[in-house]
Amino acid sequence: MGALTRAEALVGAVPPVRRRMTAAALSFGILAVAACALAPLVGSTPIDVRRAWDPSIAFSDNVDAQIFFVARLPRVLSAALVGSSLAAAGVVFQALLRNPLATPFTLGVSAGAALGAMLAITLGVTFAIGPLGTVPLASFVGSLAAVCIVYLLATARHRGFSTNVMLLAGVTLNAFFSALILFLQYFADATQTMRTVRWLMGDLDVASYGPILAALPLIAIAIVTFAWLARALNLLVLGPEQAEARGIDVLRAQRIAFVSASLATGAAVSVGGPIGFVGIVVPHLVRLLVGSDHRVLLPSASLFGGTFLIACDLVSRTVMAPLELPVGIVTAVIGGPFFLWLLISRGAGGSGQ
Amino acid sequence: MQVPAGAIVGILGPNGSGKTTLLKLLAGVLRPDSGTIHLDDHDLRSMPRSALATRLAMVPQETHPAFDYTVLEMVLMGRYAHLGAFELEGPNDLRVARECMEATGTSLLEDRYFHTLSGGEKQRVAIASALAQATDLMLLDEPSSSLDLRYQLEVADLLQRLNRQRGATLVLSTHDLNFAASICDSLLLIREGSVLASGPPRDVLTSDHIRALYGVEADVQEHPRAGHLTVVPIRPAGDSDESPPRWVH
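As given, the protein sequences belong to chains A and B, one line each in that order. The first sequence lines up with residues 1 to 353 when you count with my numbering. The second sequence lines up with residues 354 to 602 when you count with my numbering.
Calculated from the structure, these hints are not laboratory results. For clarity, every value in this text was computed on a predicted model and none was experimentally measured. Using N, Cα and C, we set each Cβ at its ideal position, and we do this for glycine too. Careful: at least some of the hints might be erroneous.
These stretches of chain A come out as covered by chain B in the derived footprint (C-beta under 8 Å, 3 or more residues) [stated by the list, open to error]: (1) 35 to 45; (2) 72 to 82; (3) 89 to 101; (4) 119 to 127; (5) 236 to 250.
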């Protein structure tokens, strides 16, 4: 008896959140690193890894290295970055609106970001704040505008969103922003239109490290903010008044969370376009695995979101090779039915209350 | 209105009389339109939320997490008020949480998901979580409303123990006059947002007050075995004046 109870006491002495954070970070982290390392090896053209990594061959003569480092690695890294940002933003929106169907895509925040980016590209404006470039900033402004509308709707209706209102608001915002995007395209020239159509479907064919580096500072700010917010999100899931009674300044926490989630969305969209359904599939699956404590859920969903989008992109690159599909098509084919299933299984009137 | 330290104060009143609103005001969740609320010598409005949460805890009428937590996770949330910005719960927090679960009889539920619990179990977990906040003042909104008879008595017993052993000051709202009479040192009777009477149960729990408060004729008697006042509602007040009972001719 003694040994067992002592072992139990030892295991029980540390709150499970520490163990679970470590376990989740390790397992999802290893998965994500493995995906980043292996995905560039797969594609329509087979490559020799050893040759690609061989520094003795000049880069200009080394086709394997060119495919690995120029064609594929940026694409895989951008998938990792975009996937993790969208998944984390999804988790944050779901906690804020207390509804598992809330995502950057369904709320129209992604479309707002896309409009912002399109405006900057079409009008040809350039501005920068420090290391932050035009397109990421413009899509952040777009997503922030969309989030403000969502926030006003959520707070105007006192007790938060019902699922119905939330979905209707999302559909409306998406339609509205899409119309404006079409309006902009109408004035763009043909080749530009072709490129933006692909991008608007959700495409990770970045072809350089530029967009990744441009979006990275925004995503870094968002992720640090998420880590700081994790505990407040746990309490917000119980409801604003309970969060307040446990020491959270709810209004401030909600505003910071909305802004940082739109930061992550804007940065992700500036790289890959409005890729849908990552923010709903990944948080839901990861929640089933690790539970709802946001200090475990947020890092797990971020890491797994990256892995998930790398895998989807792998499918989009290979399923019709040598043709490369926009990855948004793959995530929609997976995510659309998933979303419907979630909607049906929760019941039509279900809300987070 | 004053709540002395170490007291159990009950707020009584009909539906819509402002019991929950008063509790939320006391908790600082709502801001008063006029007047001020002081905790010791500090105006509630001038205290930051995080500081307030280490002084007073609130048990809401019902808890509906939008996503599911385990009982231990729920109880540990009571410790958040004592942690730094990025700090995780330590062994001491776990010890406090386990103590609170022990005190509320929820230890065996530790790994269960909150959604799978019965109403009475949820109520006790909510109390455990507020208890883990380690405050000397606790506000409870109808703590016995969703409980069956046995759990009502158990919660009454639990609250009395907390009060006596830990010196916790309790302010609770309730519809259950016998529950209030059994544990409260002092009662506050409110109707349409204003105070009808306040004082020890023996002074304010009278037939007249109950008629004024709920429109109900009731007998109030000292019950020798229970050791407190008991209220037996007889009929809605006013009926006998308007239409005499039919069997009287």
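Checked hints:
1. Restraint check on the region 35 to 45 of chain A versus chain B: 0 residues with Cβ-Cβ distances below 8 Å, three needed, restraint violated.
2. Residues of the region 72 to 82 of chain A lying with their CB closer than 8 Å to a CB of chain B number 0, which falls below the three-residue condition for coverage.
3. Using a Cβ-Cβ cut-off of 8 Å, 5 residues of the region 89 to 101 of chain A lie near chain B, which meets the minimum of three, so the contact claim holds.
4. Residues of the region 119 to 127 of chain A with a Cβ under 8 Å from some Cβ of chain B number 0, which does not satisfy the need for three, so the listed coverage is violated.
5. For a cut-off of 8 Å, the count of residues in the region 236 to 250 of chain A with a CB near a CB of chain B stands at 11, and the three-residue condition holds.
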